[in-house]
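> Protein sequences, first through last, are from chains A and B.
Mapping the first sequence onto numbering that gives the first Met the number 0, position 421 (from 1) lands on 420, and the numbers just tick up by one.
Mapping the second sequence onto numbering that gives the first Met the number 0, position 144 (from 1) lands on 143, and the numbers just tick up by one.
Errors might be hidden in some of the hints.
To be verified - In silico DSSO-like cross-links for lysine-lysine, where the CA-CA straight-line distance does not exceed 30 angstroms: (1) A:Lys5 to A:Lys107; (2) A:Lys167 to A:Lys451; (3) A:Lys436 to A:Lys451; (4) A:Lys107 to B:Lys116; (5) A:Lys5 to B:Lys116; (6) A:Lys238 to A:Lys107.
What the hints assert, rightly or not - Residues of chain A clear of chain B, computed beta-carbon distances all greater than 10 angstroms: (7) Pro40; (8) Leu204; (9) Gly218; (10) Ser249; (11) Val267; (12) Phe366.
Note that these hints are calculated values from the structure, not bench results.
Think of the CB as a built atom: it goes at the ideal place given N, C-alpha and C, for glycine as much as any other residue.
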Amino acid sequence: MTVFRKVLIANRGEIAVRIARTCRELGVRSVGVYSTADRDPRVQRHFDEAVHIGPPASLRSYQNIPAVIEAALLTGADAIHPGYGFLSEDPDFAEICADNGLTFIGPKPRQIAVLGDKSSARRLMRDAGLPLLPGSVEPIANTAAATTTAAAVGYPVIIKAVAGGGGKGMAVVRTPDELIPAYTRARDTARSVFGDDRVYLERYLDRARHVEVQVLCDGHGNGIHLGTRDCSVQRRHQKLIEEGPAPALSTTTIDTMSDAAVRAALAVGYTGVGTFEFLVDEDENHYFMEINTRIQVEHPVTEAITDVDLVREQLFVAAGHTLGLTQQDIQPRGVAIECRVNGEDPDRDFVPTAGTLDRFDPPGGPFTRVDTHAFTGYALGPHYDSLLAKVIVWAPDREQALNRMHRALAEFDVAGLGVATTIPFLQRVLADPEFRKAAHCTALVPRMQATKEAGG
Amino acid sequence: MTEQHDPPVHGSLAELREHTRRLANDLAGALRRVSVRSGDTTIEVEWQEHPEPADGHPAPVVASAAPATVPTDDRIMVCSPMVGTVYRASAPDAAAFVDVGDTVEIGQTVVIVEAMKLFNPITAESEGVVAEVLVENGQSVEFGQPLLALAATDGAGE
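Can you build the whole structure from these sequences, using the hints too?
Right, here's the structure in full:
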């Protein structure tokens with residue numbers, strides 16, 4: 000079975016390295032792209048070729064569509080893998096790839112567009128039978144509509160930007176008198192940040208878990224799910240720890256969510272890998288939130304429990320092959336956990352740090368995987384997100400997996416002038432009684448930060 | 000093959016400035032960084048959602064973009080500002096824009112770089128004498144790749 004001859008990876012950091020590795024295993028040549036900030040040849044050693052596409056600012060390099068397309072055409076690539084972030088969820092980019100005879104490794108431009116718009120995604124998914132949180136499916140047009148909807152939904156409510164993402168443009172409203180100012184502010188922020196002031200409103204769950212379902216569909220009407228991940232350990236909607244399968248949920252709930260996600264994906268003719276995000280309350284009611292139409296940062300968790308290389312599957316499906324896996328082939332076993340080691344200082348509200356890594360000694364040992372682009376001497380710069388490495392462990396059960404992660408993080412030695420990492424904070428979460436019992440929810444990290452500050 | 004496209008202009012500089020000012024006012028936290036570009040109309044803003052502690056972390060040092068002209072020793076390099084294909088002349092049968100020994104003036108077109116079917120004239124940002132041509136007609140170039148080396152003329156030095 001042939002896939003592609005040469006794939007250009009329109010990304011940087013650990014995900015570019017991770018994609019290049021699968022390319023190499025498949026005998027597919029890889030082309031890396033890099034900005035001036037990433038020009039260290041040690042960053043590019045994973046690629047067969049590399050093209051300097053622009054200055055450090057990502058808008059002029061990794062998000063610069065003409066530069067990426069030109070690099071693909073000049074190197075003779077036949078496909079582009081967008082990774083996550085940057086151009087990965089840009090329907091225009093997917094369309095321009097096609098116009099230039101390049102296969103975009105991801106869903107069709109139209110699917111990216113309708114599923115990326117939270118308002119149309121909610122409508123489509125409701126029609127496909129996914130449960131939504133009580134709230135507005137259409138954008139809220141004015142303050143009167145906001146008042147009526149909030150009263151009908153019941154407080155607390157959350158206001159979200161239709162075009163939003165990454166935790167920006169969201170506001171939690173607990174009482175009716177806060178509603179109008181919050182609504183006006185949310186629209187102003189959405190207009191400024193996303194150039195689109197449409198917002199919608201839904202019930203806010205204080206003690207919810209963030210659970211997601213990984214799906215994989217080919218272009219021939221076949222789709223499967225690859226189990227669940229829990230990503231409730233978040234700081235301002237940025238995930239810190241992910242695990243799979245989602246713990247402390249009944250098999251019935253997991254099966255219901257997973258089957259619904261596959262049905263909904265097939266209903267919209269989805270192709271490629273995708274993630275359906277849900278909020279799950281204490282009674283295991285689950286509500287659809289959004290779809291990510293790309294490979295996710297936390298995909299290795301799923302790889303560890305299902306033995307499936309998701310990037311390999313992406314390449315085969317994008318090349319037009321029929322899925323080689325059936326739902327029966329997916330029998331998740333054991334527990335996998337991923338910790339994101341970011342170059343951020345948890346004691347200073349996770350402010351990104353920058354500097355050269357004088358020591359970078361990642362962990363090893365049984366069932367321990369580290370995905371990273373960093374090395375001793377690597378210069379952690381201020382230009383991009385601060386993810387330095389992902390540590391993923393697998394074990395037959397959660398208790399062993401937690402102990403294994405604790406051991407792995409203790410081995411991880413990162414040091415450099417001015418550089419701090421999230422490792423100490425991750426260790427605190429791993430030791431937290433609520434987290435160990437899998438009784439945690441999205442309020443865990445704010446609670447831990449508050450405890451730390453109160454304690455001195 | 001001489002087509003020249005000016006970059007599209009979306010609104011005047013004054014409008015851009017006004018939009019930036021409005022943006023800065025609308026945001027909930029203190030500004031960390033603003034960058035405004037007029038060519039393709041880009042505004043990038045970073046702001047704080049919560050005030051920083053008093054012992055505020057110093058703002059990261061942002062390296063500036065590679066300039067199109069890089070002086071090396073006594074030679075001045077004219078570098079490609081984009082990924083693309085170099086053309087040394089305006090048409091296949093036309094004479095090269097410049098050749099070794101030619102004197103170039105500031106603003107003079109020295110090559111064309113084609114990217115996504117747009118033909119972008121690359122102009123000299125310093126005057127000088129062409130000491131070496133480092134690319135061939137039709138060659139692919141990366142961002143920042145040297146195209147020509149200029150030797151400074153008497154008037155060009157500091």
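> Need the status of pair lysine 238 of chain A, lysine 107 of chain A: alpha-carbon distance at most 30 angstroms?
holds, 27 angstroms
> Does the claim that leucine 204 of chain A lies outside the interface with chain B hold up, using a Cβ gap greater than 10 angstroms?
Check passes; 22 angstroms lies beyond 10 angstroms.
> Decide if the proposed pair is consistent with the structure: lysine 167 of chain A and lysine 451 of chain A, CA atoms, cutoff 30 angstroms inclusive.
Between lysine 167 of chain A and lysine 451 of chain A the Cα gap is close to 25 angstroms, so the pair holds against 30 angstroms.
> Would you assess whether proline 40 of chain A, listed as outside the interface, keeps its beta-carbon beyond 10 angstroms of every beta-carbon in chain B?
Per Cβ check, proline 40 of chain A is outside 10 angstroms of chain B; nearest 14 angstroms; holds.
> Assess, step by step, whether the Cα of lysine 5 of chain A is no farther than 30 angstroms from the Cα of lysine 107 of chain A, and give holds or violated.
holds, 20 angstroms
> Check the non-interface label on phenylalanine 366 of chain A: least C-beta distance to chain B beyond 10 angstroms or not.
Given that every Cβ of chain B is farther than 10 angstroms from that of phenylalanine 366 of chain A, nearest at about 36 angstroms, it holds.
> If I take the minimum Cβ distance from glycine 218 of chain A to any residue of chain B, is it greater than 10 angstroms?
Non-interface label stands for glycine 218 of chain A: nearest chain B Cβ at 27 angstroms, farther than 10 angstroms.
> Looking at valine 267 of chain A again, its CB stays over 10 angstroms from all of chain B?
holds, 31 angstroms
> Quick one: work out the minimum CB distance from serine 249 of chain A to chain B and report holds if it exceeds 10 angstroms, violated otherwise.
Fine: 37 angstroms to the nearest Cβ keeps serine 249 of chain A off the interface.
> Given the hinted pair lysine 436 of chain A and lysine 451 of chain A, is their Cα-Cα distance within 30 angstroms?
Cα-Cα ~21 angstroms, so holds.
> For the pair we were handed, lysine 5 of chain A and lysine 116 of chain B, check the Cα-Cα distance against 30 angstroms.
With Cα atoms ~22 angstroms apart, lysine 5 of chain A and lysine 116 of chain B stay inside 30 angstroms; holds.
> Decide if the proposed pair is consistent with the structure: lysine 107 of chain A and lysine 116 of chain B, CA atoms, cutoff 30 angstroms inclusive.
Between lysine 107 of chain A and lysine 116 of chain B the Cα gap is close to 24 angstroms, so the pair holds against 30 angstroms.
The structure is consistent with each of the numbered hints, conforming to all of them.
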